[in-house]
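6 protein chains.
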Amino acid sequence: MRHINELREGENVREIYLCKQTQSLQTKTGKTYYSLLLQDKTGTLDGKVWDITSAIEHHEAGEYIMVDGRIVMFQDKPQLNISRIRRAREGEYDPADYMPSSDRNIDEMYSELMALGAQIKTPYLQKLFRSFFVDDAEFIKAFKYHSAAKAVHHGFIGGLLEHTLSVTNLCDGFAKQYELLNRDLLLTAAICHDIGKTRELSAFPENDYTDEGNLLGHIVIGIEMVDDKLRDIPEFPKLAATELKHCIAAHHGKFEYGSPKLPAICEAMALHFADNLDAKMESMKELLKGVDEKADWLGFQRNFESNVRRT
Amino acid sequence: MRHINELREGENVREIYLCKQTQSLQTKTGKTYYSLLLQDKTGTLDGKVWDITSAIEHHEAGEYIMVDGRIVMFQDKPQLNISRIRRAREGEYDPADYMPSSDRNIDEMYSELMALGAQIKTPYLQKLFRSFFVDDAEFIKAFKYHSAAKAVHHGFIGGLLEHTLSVTNLCDGFAKQYELLNRDLLLTAAICHDIGKTRELSAFPENDYTDEGNLLGHIVIGIEMVDDKLRDIPEFPKLAATELKHCIAAHHGKFEYGSPKLPAICEAMALHFADNLDAKMESMKELLKGVDEKADWLGFQRNFESNVRRT
Amino acid sequence: MRHINELREGENVREIYLCKQTQSLQTKTGKTYYSLLLQDKTGTLDGKVWDITSAIEHHEAGEYIMVDGRIVMFQDKPQLNISRIRRAREGEYDPADYMPSSDRNIDEMYSELMALGAQIKTPYLQKLFRSFFVDDAEFIKAFKYHSAAKAVHHGFIGGLLEHTLSVTNLCDGFAKQYELLNRDLLLTAAICHDIGKTRELSAFPENDYTDEGNLLGHIVIGIEMVDDKLRDIPEFPKLAATELKHCIAAHHGKFEYGSPKLPAICEAMALHFADNLDAKMESMKELLKGVDEKADWLGFQRNFESNVRRT
Amino acid sequence: MRHINELREGENVREIYLCKQTQSLQTKTGKTYYSLLLQDKTGTLDGKVWDITSAIEHHEAGEYIMVDGRIVMFQDKPQLNISRIRRAREGEYDPADYMPSSDRNIDEMYSELMALGAQIKTPYLQKLFRSFFVDDAEFIKAFKYHSAAKAVHHGFIGGLLEHTLSVTNLCDGFAKQYELLNRDLLLTAAICHDIGKTRELSAFPENDYTDEGNLLGHIVIGIEMVDDKLRDIPEFPKLAATELKHCIAAHHGKFEYGSPKLPAICEAMALHFADNLDAKMESMKELLKGVDEKADWLGFQRNFESNVRRT
Amino acid sequence: MRHINELREGENVREIYLCKQTQSLQTKTGKTYYSLLLQDKTGTLDGKVWDITSAIEHHEAGEYIMVDGRIVMFQDKPQLNISRIRRAREGEYDPADYMPSSDRNIDEMYSELMALGAQIKTPYLQKLFRSFFVDDAEFIKAFKYHSAAKAVHHGFIGGLLEHTLSVTNLCDGFAKQYELLNRDLLLTAAICHDIGKTRELSAFPENDYTDEGNLLGHIVIGIEMVDDKLRDIPEFPKLAATELKHCIAAHHGKFEYGSPKLPAICEAMALHFADNLDAKMESMKELLKGVDEKADWLGFQRNFESNVRRT
Amino acid sequence: MRHINELREGENVREIYLCKQTQSLQTKTGKTYYSLLLQDKTGTLDGKVWDITSAIEHHEAGEYIMVDGRIVMFQDKPQLNISRIRRAREGEYDPADYMPSSDRNIDEMYSELMALGAQIKTPYLQKLFRSFFVDDAEFIKAFKYHSAAKAVHHGFIGGLLEHTLSVTNLCDGFAKQYELLNRDLLLTAAICHDIGKTRELSAFPENDYTDEGNLLGHIVIGIEMVDDKLRDIPEFPKLAATELKHCIAAHHGKFEYGSPKLPAICEAMALHFADNLDAKMESMKELLKGVDEKADWLGFQRNFESNVRRT
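If you read the protein sequences in the order shown, they are chains R, E, Z, V, C and U.
Take the first sequence: its letter number 87 is residue 1214 in my numbering, and every next letter is one higher.
Take the second sequence: its letter number 244 is residue 1371 in my numbering, and every next letter is one higher.
Take the third sequence: its letter number 155 is residue 1282 in my numbering, and every next letter is one higher.
Take the fourth sequence: its letter number 18 is residue 1145 in my numbering, and every next letter is one higher.
Take the fifth sequence: its letter number 126 is residue 1253 in my numbering, and every next letter is one higher.
Take the sixth sequence: its letter number 125 is residue 1252 in my numbering, and every next letter is one higher.
Bound-form chain R, shown alone (with noise of 0.2 Å):
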């Protein structure tokens, strides 16, 4: 398959793509033409239709396209002048090839993250953990495939995971260095914090903000989902189960970021830490990874206050 980061200009192009937006247009000459959004695991391509003709098929955004085209450059950007479409059937295609993803295993991740999960030693902590992770198959499904944002960071299939699991990497860290961390709190708390993300956000091909994401947020409805497995293991104790929701709670660590208390005991500052380290280290490889190698300065980048810079 001919991925899209890798078109250079001239190049004739017959290859499937998935048509995220299509729009008829009209030039300032009248004559109407369609504007397409291509996309596959590697990026986005603007195509665009100059000539309607029968070679052109009907479609839809959503569906998965042959396309044939050149690219050509515009405003420094490739773009994809198309002569022909038709939509292509199931089996000429692999949806996995069409969404961005995480670059590392995802049952390699789920394993690692089951494995630090199984060192939670306190029992009640240890069956709340696996009320999600070990018997909730429809979690666990959902969970593995996410992404973590919509825009921002880790968002791609298993940014959701891959976030965790460094994040839960971090923590533990943490408690190996400061006696001060409950150990078993600490882990079960940042394994869950975000897991409130399977129903903020949509999964993909949408991976958009649901209405209880929008309406609630996805510290709410992660707290919603603790108290839902608590029902079930009647001996946690009232305490801890405060406690553990206080570290969702809190994890954003400032009221403008959405916790609506700030961490009031020490797990719940570490894993704030965790989270907020883990966020920007990956924006940063994030941003890196979208510019030339040669540059070195990549501009004002508002989520840094800063000009940021390769190393």
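What the hints contain is simulated information worked out from the structure, not anything from laboratory work.
Bear in mind that the values here come from a model prediction, so they are computed numbers and not experimental data.
Certain hints may be false.
Identical copies look the same in the list; a pair holds intra-copy or inter-copy alike.
[Claimed, not checked] Calculated pairs, DSBU-like style, for lysine-lysine (alpha carbon to alpha carbon, straight line, at most 35 Å):
hint: 1; residue 1: Lys1248; residue 2: Lys1147
hint: 2; residue 1: Lys1254; residue 2: Lys1158
hint: 3; residue 1: Lys1175; residue 2: Lys1204
hint: 4; residue 1: Lys1416; residue 2: Lys1365
hint: 5; residue 1: Lys1412; residue 2: Lys1268
hint: 6; residue 1: Lys1271; residue 2: Lys1381
hint: 7; residue 1: Lys1416; residue 2: Lys1248
hint: 8; residue 1: Lys1168; residue 2: Lys1303
hint: 9; residue 1: Lys1254; residue 2: Lys1416
hint: 10; residue 1: Lys1407; residue 2: Lys1204
hint: 11; residue 1: Lys1416; residue 2: Lys1271
hint: 12; residue 1: Lys1158; residue 2: Lys1416
Since the structure of chain R is already known, use the hints to place chains E, Z, V, C and U on it.
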């Protein structure tokens, strides 16, 4: 009964008060004395036992005690020099005399609130309202006698009810003026917006933040309480439930006041205004109550970011 | 009349519109064309004159013109390709058709406001109210047809009146609910709070900031206008005048919105809430009006610091 | 006269001071004593009357009293143990000795300000200047002896004049350096920028916020005062008047300091800098005056958001 | 020479300009064209080469090119349709004509600055001043021709010198008005406050942030430069050095503008005001220069947080 | 030795303490007494000398004194009523017993830090590390025994070393988890990030801000110290030096905490997180140490913007 706010310099007192605190201290010359904080529903009073004789019966904070003494002025405030203490016997006093309480009749206010609730026409919203305010005796008892705050405004018995009633009345007026507003959703949200306070704060006479109150806050608790009741109302539409919970989540209107989401629907916005206006009006009223009739400017009030004045 | 918000792709149009802007431009190939901004009370429309022939009569921005053309879509928005222009003659059009205007009848709203004003019982406040709203014909004319804003909310003919009436109604409700409030002061302040807008913004069709508006703002101007009238009411108590002017000064409720003082009396606080709530409700209404019935989420609104949704 | 800032431990005092406050208190052992706050222009002094005998004549706060006593140290500060008090008779003291006052000669400063004012060449600006500073005897008297603040900087007799002169001198320098600046407008604005303080604060010895000061502030009051004078200068151009009032409105330079508009013209910007710089320099000077010559670091000063140091 | 800011629609141009950028693009119909950004000291101009013939000599960004073409208007701005390009030969043009430059004579300004520096009486401060501005030829050359900014204010050849001179003049005035100020320290600090800009920004024609500029900023660089010179002035007192470096560190006056310390001594405070005032006055001047004489309101300026107006 | 934190009411004490402050005061009845602040490494104790007899030897703040007395409680805190004082002789006490100190062994911590430093592979970074931590005996001595703060966290002997070691350990973990990070740069930056504190604060027992500390702060000082060493490592690449200094400059992560630049490279970001996390964890630990085992909620902590709780 001789109330604390009526005591005057030089007066001899023989009365039962609630002892909130008791401390054993020493003067600079090394003599031991006791310092007590006495309370009735009209306020608090410092008491001093300078001579610890057999007339001073042993007692603990939280007990009702009969004190004999004389009022002197210390740093412009009355203080009771105590010569005798004995613990009061059950029946000698009425606890209601010792806790600040709403000026309005609690049952009367509750009836008004029920009358407003009865106007909710949407069946599932009506059902939810009844599940708390008609069917749940334990909740009703807590709700009627709870304060709405530890300090700030409405910090007295019946304060939660008085505030809820006032907010619901304001919302009712808004719904009449603005067609945009879904009256049933707004009334339900107004009546339920602060139910989490029944668990955020402990009951009187303690009236202090619970662990749950400190770690999660009444917004998250309130949403959990709604979730609990919704289990028994299977016909409650998912989206309507999310909207109602959003109104609770967003009613503080600002992230820094602990709302994890800002108002995204007009009912949440209207509820936020009603809640905030009632808080401000009650604060102003309590401020003015606390000071001399002749004073006009009350000094800078952090709450209002301004010097404040009687009109 | 064929209104701008009803025009559909492919439709032939022959109609008089107000020409808000006109520009002479060149295509990349060097050919001159005209770009026009056309307006009626339902919205605005881009017009293009690709061929400048004798059928295109000379005209200026601000004139009413009869245009012949055809609607095409450009970047998802309708655009009028114009083949003929002639200036319209007085009598061929009614200016009221070309400016956005309140949905409600202006005289009816004015009567309602007068009825509220008539309830002011304090003689000197009643006198002040009448000096503007009964005796000053020039002011009344300006007030009735002014907008309340250049953009934001209530930016249409009658908008100032509609907003003032709504704020006064809210204040009336507050005065009934809170004994603390001096109803006469509050009603007077509500009715007068935005009178400075008659000089901050020029009249329609311009509706733009005046020099005075930019340099002083409607709060300072409004206070000056009250000062002017007070010269003829010598019995008006000095303190009452100061309180009324304070209500105007503080009605934005925050320094960063241009209030030189924050509410220091309860009437100023109540007025601020009414003003702000009405602004928010109207903004929400205008937002929803502008979008497709089927859209639920309207996207992030800076004004609300949130994505916003129809209920 | 023996000034308060010269009194030393162990010294016997017999002197007339202004009594700012007087309180009747009781020791822990129940004995009544008086606590007085005495003042002269060099500072304040705590006085205590431990024995209330016939040698202690009755007196009220605000009266001048002849006291006999001895200086002791209490918590590192001098305190006067008083054995005798009698009210002073008119003629025994000069009020000017009892209020803090500018180090500079008031008439001399006024002459300098008049000399600067005389350089305003634009006839209508000159006329406005004269209407206040030459023709209005009552205003002139108030202006010359007013303070520029209750606390903060320039809080002494002549402080308003000293600050105004200094700001005008700075503006004069700016006008020489920057051609952009309209010197006549800037000088007039500088001279008038704080005239509202003559009504925002009451005169000495009270020197406290008036109702008008609290509710409107000196910016709004100053604009009203200019409006009053402008009635008698019909030839004053409307736009020039608006610009002058804008300079007053914007001279605090930030919304949170009560400016309803930020500087929009270069003269308003220059005035803001002059006002702010003079305030900072005077604050620094007063800070350093108040402390021991040997102290270098004066501790964190909220006003400067920094620890502050003598150079 | 025909300057860019004098070119008018329809004019034929034959002139040498500096080519800042050159891009190869394609029209929608697939035809290649070139887009150039041309510059002289009066501004920049878009150039288009629609027909790529042998008359279009190859060239790179950064070269001086002789262009033949005709001015057309595109989106209200002039654009040059180019028919011929050849690279200019050394000697055909004077680089000074192609870079924005101070209106004032650079040597004259430098002499004025030297005259101010000569007034520093403290020997070690005088020595430091001379080590930069008299003895260090490389520094002097960089300083005289550097800009004070990439964009914002004083972003032209000689801008750093012009700004430094103006700030030093203001400080000289302040030192005369306020006895509190140590004139020698203040003059030295003013002259040195922005020397770090010679390394923060590269020289013209690039005038862009260096790595060091982005990573450390001119405040830290300036302190390092002072440290370097101080090695050769062993008699320079340690505390005086620290105070001078503090003035540089604190001259932005706010943490968010990159000052690691806020002004703690009066000289640092005065320097901050001078720096800020000069920046604001120059920004205002440059704003007004850029617009039509007839325009009065220039629109909202982020820099001033206000709409801004010519007086 | 009888430590201050072990003293109980009623106990007779005969022990040597460090006298931090001594004051001569007077009771209300005019009698002179002394108030002393005594210190050992476990805390501080108020001492009072009510009778000044020949048994009270003259002494100054900063001296070690042998005191005889008895512990009484005053306002719930122990206080020592002193009957005898004599100055201690050299040899009677060990200064280390009188200053708060790290719980961990200083040489052990230093060895761990050296082991981490030894892992820096890049020769010029290794050389820089050694120039401070191996070759500069004076620096090493200061670094090992310095505190990391006057108050806040790590304000004890060895605190700077303990904090630096902990931050370096965290960074080491981050470098293992994130490939993006240049481990050598990050380790060097971590080890050097707070070296400026050796000059920002004076050594124990004073441990207070120096002039340089107040005027420049440890960030600027640390950069100067690196610059000094770099003179002797000519092969150190300019860009690498700038990146290292940037890490020091940006490690506070926010302008308002005195960083003149925000993290622009990933190593600076990682260092900021490590520094901040360690500060928070240590603060939490110190908070909990200071309070009764049974207390769970510790009250609102400005540092955490939250009430804080033991888990």
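Do the hints match the structure? See the list:
Taking identical chains as interchangeable, the C-alpha atoms of Lys1248 and Lys1147 are never at most 35 Å apart, the minima being 47 Å within one chain and 43 Å between chains. In this homomeric assembly, Lys1254 and Lys1158 never come within 35 Å of each other (Cα to Cα): the closest approach is 65 Å inside a single copy and 59 Å across copies. Taking the closest pair of Cα atoms, Lys1175 and Lys1204 come within 35 Å of each other both inside a single copy (13 Å) and across two copies (19 Å). Proximity of Lys1416 and Lys1365 under a CA criterion of 35 Å is satisfied inter-copy only: 26 Å between copies versus 45 Å inside one chain copy.
In the homo-oligomer, the alpha carbons of Lys1412 and Lys1268 lie at most 35 Å apart inside one protomer (27 Å), although the nearest pairing across protomers, at 40 Å, exceeds that limit. In the homo-oligomer, the alpha carbons of Lys1271 and Lys1381 lie at most 35 Å apart both inside one protomer (28 Å) and across protomers (34 Å), since each shortest distance falls under that limit. With identical chains, the CA atoms of Lys1416 and Lys1248 are at most 35 Å apart between copies only, with a shortest distance of 27 Å across copies and 39 Å within one. Only between protomers do Lys1168 and Lys1303 lie at most 35 Å apart by alpha-carbon distance; the minimum there is 28 Å, versus 38 Å within a single protomer.
Taking the closest pair of Cα atoms, Lys1254 and Lys1416 come within 35 Å of each other only across two copies (33 Å); inside a single copy the shortest separation is 40 Å, beyond that limit. Proximity of Lys1407 and Lys1204 under a CA criterion of 35 Å is satisfied intra-copy only: 28 Å inside one chain copy versus 39 Å between copies. Taking identical chains as interchangeable, the C-alpha atoms of Lys1416 and Lys1271 lie at most 35 Å apart only when both belong to the same chain, with a minimum of 23 Å there against 41 Å between chains. For the identical chains of this complex, Lys1158 and Lys1416 are inter-copy neighbours only, at 32 Å across copies versus 39 Å inside a copy, given an alpha-carbon limit of 35 Å.
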